[in-house]
Structures are given as structure tokens and as C-alpha cells.
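Chain S is already provided as a structure; the job is to place chain C on it using the hints.
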Amino acid sequence: MTTYTLPKDKLPEFLSALSDYEIWAPVKKGPATLFDRLDDLKDVDLDLENQPVISKKAIFPQNEPLFSYDRKGTVTETDLNAVKNTIVFGIRPCDARSFTLLDPVFEGDVPDPYYRARRSKTALLGIACNDPFVNCFCTSIGGSPFGREGLDLLFIDCGDLFTLEVITETGKEITGKASSLLSPATAESSEQIAQAATDKIKRHIDLTGLPEKLASLFEHPVWKEFASKCIGCGICTYSCPTCYCFDMQDETTLKQGRRVRIWDSCMFPEYTLHASGHNPRATRTERFRNRIYHKFKFNMDNFHSYSCVGCGRCISLCPVNIDLIDYLSRVKETE
Amino acid sequence: MNNPYLPQVAKIIDVKDEAPGERPIKTFKVVLENGNSLNHRPGQCAIIGILGIGESMISIASSPTRKDCLEFSVMRLGTVTSALHECEPGDTISLRGPYGNGFPLDDWKGKNIVTIGGGIGQAPLRPIVQSILDNRSDFGDLTVIYGARSSHDLCFKDELLALEKDGPASVHLSIDAEEPGWNKFVGFVPNNLLEIKPSPENCIAITCGPVVMIKYVIKNLLELGFTDAQIFTTMENRMKCGIGKCGRCNVGHLYICKDGPVFSYDTLKDLPEF
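As you go down the protein sequences, you meet chains S and C in turn. Counting from 17, one number per residue, gives the positions in the first sequence under our numbering. Counting from 7, one number per residue, gives the positions in the second sequence under our numbering.
So here's chain S without its partners, still in its complex pose (with noise of 0.2 angstroms):
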């Protein structure tokens, strides 16, 4: 694996050295640290906290015109050619992975032409967590706060300078674009401080022999249990990386309209609301279940993988304190 070191006051400059690229990166907004495209370089907020809004929506957009029409009923595609030379800078390990997540679900049977777009053309520049937030656990479901997996270069904080792994072909392009900021390094400096941040992560669960014991609970009052402390409010999913339900609606002025893809989520009745009346999901205790069946299970069954990266964001954003964590061992013991 080839290894440079960047000064960290270069950042800008490396940045700038990447123009061709639309540049998307944690930027200061008020008082907030949000994941947006990057329109001054001196926005751009290295001090990670655990970005509430996340970096999923470079490549798979909150709100996405899939098609524009008039009133005679012309319709015009957008135009996925237009999709730019991507890089999301500062994506953490854990959000870099959920991609490798949601890629068999838009490419699957049938290839989704909006994500395949943009995923092809964004080259993904993490920072490896060496301070890991209270509810991480991605060392639990397969990740780590130094993980490669989904990036094209990986950047670790050594103090004064960043160490750069290259990870793929366009890990190599992207540093061959800022040479001459960059200096060859030696690897093993970080591997002490990819061990330390590892030790740091508090929280743990065995998942082992989950999928199997959910087969056997889907019918078990425990969900109900569960679900009675859920508000509905949707946070757990809007803010997870591997969620990835959407709606469709259309749009209209008088004269003209466009097709709209945007977010939605499971915890909503409406989500499966059916026109007759009748919701398969009627009720929290069983949108609850669902979603964690989805993660934790169905998932598993489609993708041989589960659908949570450990960001634990869910458990840190829940305004009633339910806690991931602790309702899987809850479900591990229950008989």
C-alpha cells in the first residue's frame, strides 16, 4: 500500500489542487458541522462530531427530480451526464462502508440509473476516527474506526500531519493531482493509533446467532414492549447511512411538473398505508419490528449482510433513549 504524509495546514491547498472535482466535506454551518458540498475551503470542520446529517445524501439525495414534464406531457430526463467528478472529503470509515451496503440494493435486478451515476463518478476520502463517539460500535458488525472498506484513500490524524493510505486506482489518481504537498511515509506509525482508537470504543454486542433467533421471535410480545417507548419521529432512519426507503412524488406548478425521489421512511404509517384503508403495518409494534427485522434479518437473507455499519447515530439521536444496543441483547436473551 503506497503512504504519503500531508501537513495538516496544506489541506487547503490539497483541496484546491482537486478543482476538477466537486468537493463535498463536514462544513461549519452556525452552530452545526453538516456533511454538504464544499463552496469555500475554509469551511471545511475537521473536528468531527458524529455529523448528523450524513454523507449519504452526495450520492443517494434527500430530494431527486428523476424526470421533468409539461403540460402537453413531454417528459425530459434529467440529465445523468451532467452528474459531476465527485469526491466526499472527511467521510467517516463506518459511512464510507454503508455504501458497499446499499450498492446491491440500487444496482440488484434492476440497475438504479441515479445512484449507479453518481457512485460511479464519487471517489470517497475518509478520516480514520481516532476518537470513536459514545455509541459507536462498528467493531461489532464487522467495521473498525480505521476500516478501508467502500474508500479510495484513507486520511489518519497523526498530530501535525495526515497519514494518506491509497486504497484504489482513484485513491492513486486523487494524490498523483497534489503531488507536491504529499511525502512518502512509512505505515506502521498509525497502526498504535488505529489500535488505541479500537480500545476506545465502549460499546459492544456479540451478534452471532441473531438472524436465527429474530426467525424465531417475529410473533413474541417482546415488540410490543419495545415499540411502547417509540414516538414515530423517523430520526433513527433519516439519519442512518444504510437506510435507503424512498417515495416518489410529483411536483407541479401550472405549467409543469417533475417526479421527485425523496426519503421516506418505515416508522411512518403512511409508508404502507394502503388506499382501501388497510396498513399491513398498522401499528409501532409491528413498523418497529420491521425495521429492526430488516436490518438484522431480511437483509441478511437478500444480501448475506446486515443493513447497520454500527454508527450508532440512531441510539445518540433517539429524543426517547431507545437504544439499539441494548434491545438486541435484550432480543439475544429472550426465549
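Honestly, the hints are just simulated from the structure, not real lab data. Incorrect hints may appear among the rest.
[To be verified] Okay, derived cross-link-like pairs now, EDC-like style, lysine to aspartate or glutamate, Cα gap no bigger than 20 angstroms in a straight line:
1. S:K311 x C:E279
2. C:K264 x S:D119
3. C:K275 x S:D317
4. C:K117 x C:D234
5. S:K88 x C:E279
For chain C alone, coordinates are given in the frame of chain S:
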């Protein structure tokens, strides 16, 4: 690459008041404006809609053996179906598909076929009936069991009565409650099934209707000696994308839009939520 979200344009060539009841049903005959065929299989669905309003997944109510048009029988219930009910011949709608697996009719050749429908649930069963009538010698006996709330809610009444009279199939209609002038079965479809008692010998039974009806029909078919693998149903859920991505139509780990809508009871009985 092919964009699965882009609809085609279809022209309505005929609108029929199929069932004028409290929840009215209209049957729309449509043709694709580019003259192409949809190349669907019986039991598949299409997403039809109106630009500016939205889309709904609707089963294709006609067999691919009837090549002059596609038919959709639509109950007026929500925003999209209400707007469709305002449409007249000559209007255009959006159409994409076909979606789903369809019925394995090739596997059923040489067998006796029983369809058991309730209400608008006869629409997806109709292409089976038509396909068998159009390839009559490929199949054994055809029995159509169909019921609705009242005689005003029965779909395809004229063609089913004609079929009963002409004899290529045996037809058993029912309504839920007594009505003056109704001399056929009165009661729920699962009970009519027990009256008729089709033999499970070399037979496939396919049912579609309200969920509660499907459950009792399956129970009664099992009672009559049908095995799990001889029973099929076709299901519905709210859908948006039609290609297994938007998430909402799942039953267990399967998506009705792409893994269904046709399921054998063999598969279905192990799925949670059924």
C-alpha cells in the same frame, strides 16, 4: 442505460363501468402510444398513472394472448385511482412495467385449474382464464369461483355468465347477502368453495381477494386435500418503485413487486406477516 422510472405513454381506447357499486370499478382498455407490446405474462402488474398526480401498481387484467390492448380494472379509492376514473377514451396515461413474476402457467399445462376470486381480486385471475380459453387443449378442467359483496360489485359479470352458458369452464358466482332475483350462491367465497368441493387431483388452485378471504380460502383448500404447493395466491401492498428498492411492499424478506405478486402457499406459509 435503461431508466426503470421513466413511464411510457398509453392511450385509453375504451372505458367500461365494470361495477357501479359503492366502491366503483372501471375497466380501461389502453394501447401503448409507440405501438409496442408490453410482453407481459399473466399475473404481472404495471404501474399506471397520470403525470402531475402520481402512479399506482395495478394488475394487468388481460391475457397476453389478447393482443389488441391491455386492460386494467381499477377501483376508485385513492388520489391516483380517483383521477383515473375521470379519464375518458382518447386521454393518455403513464405506464411502466410489466412488474413481478406472474403465474407459472407453463408448469400448469395438463392440469385442472380452479380460480377463486373475491371482489376486485378477480382482475389478476382473469388473464389465467383468458389464457386457458385461448389455449384450451393445453389444460384440463377450468373452474371459476368468484364472489363479491353484491351483484353490483361483481366484475366481468357478462363474460363470466357467457362462459357459464357456453361451457368451456364451470363458473360459480356468489354474493355476500340475499338480493331479489339472485338465484346463485349467497354467502362468502370460502363457503362457496366448500359447496363446490373441487377435487385436488391433478389440480392447481389460485386465489385472490381481500386478505381475510385469502386466508379462509387457503384453510378450506387444505381441508379439501390440496397440498401447499398446489395453492397459489397473488398479493398486493403499497408500492412506489416497482423494482424492489423503495422498501415498502415487503412481506418478510420478499418484495411483492419483484419476488411476487404470485406466491405459492409453500413459500408464503413461512413468511412472517402473512
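Tested hints:
no.: 1; hint: S:K311 x C:E279; verdict: holds (16 angstroms)
no.: 2; hint: C:K264 x S:D119; verdict: holds (18 angstroms)
no.: 3; hint: C:K275 x S:D317; verdict: holds (17 angstroms)
no.: 4; hint: C:K117 x C:D234; verdict: holds (16 angstroms)
no.: 5; hint: S:K88 x C:E279; verdict: violated (43 angstroms)
The structure fails to meet hint 5 from the earlier list, while all remaining hints are met.
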